[in-house]
Amino acid sequence: TFQKNGLWDKKMVPVWMNAKCLLMTVSQECVVNFLVSTRHTYVAQNTLAVVQVMYGVDDTYISVRYHHLIPKSHQLILLKLKYKKTEDNRLNIYIESNDPVISILSTSDFSRLEFKNEVIKEFPQDAIDAVEV
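In terms of the numbering used here, the numbers along the sequence shown are unbroken and rise by one, the last being 151.
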């Protein structure tokens with residue numbers, strides 16, 4: 019999404035993500051969209067979702083929303099997103115899936131994202147559920 023041809027200049031490969039992890043941190047105020055896929059091929063059981071992170075200075079301007087681009091088939095693949103603002107004014111994005119292969123296929127602004135993939139046992143208690151739209 020950085021170049022005129024619409025392709026990202028980095029090679030995107032499936033990444034073995036932990037089943038429940040701190041996926042990324044958004045470091046500055048911005049609106050960032052990214053594409054999340056489970057299993058990197060089109061099969062009936064995979065998930066493809068676009069995620070929009072809106073992070074503003076005020077807490078009223080913070081939201082994480084996602085939309086499934088491939089219809090879910092009987093909840094075979096779980097995809098759960100949560101977020102939490104940190105004390106140092108960053109936004110942590112958490113993900114949980116029962117499929118260990120999660121790929122970030124594209125992002126609208128990589129400069130504001132820091133990928134983590136840090137294992138967690140539980141979501142933070144005050145983490146907010148992302149909204150499915």
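Derived from the structure by calculation, the hints contain no laboratory data.
Treat the hints with care, since some could be wrong.
Stated by the list, open to error - Straight-line alpha carbon distances no greater than 27 Å define the calculated DSS-like cross-link-like pairs of lysine-lysine that follow:
1) K38 / K139
2) K139 / K103
3) K102 / K134
4) K103 / K134
5) K100 / K38
6) K102 / K139
**OP:** Quick one: which hint numbers does this structure break? Sort them smallest to largest.
**Re:** Of the numbered hints, all hold.
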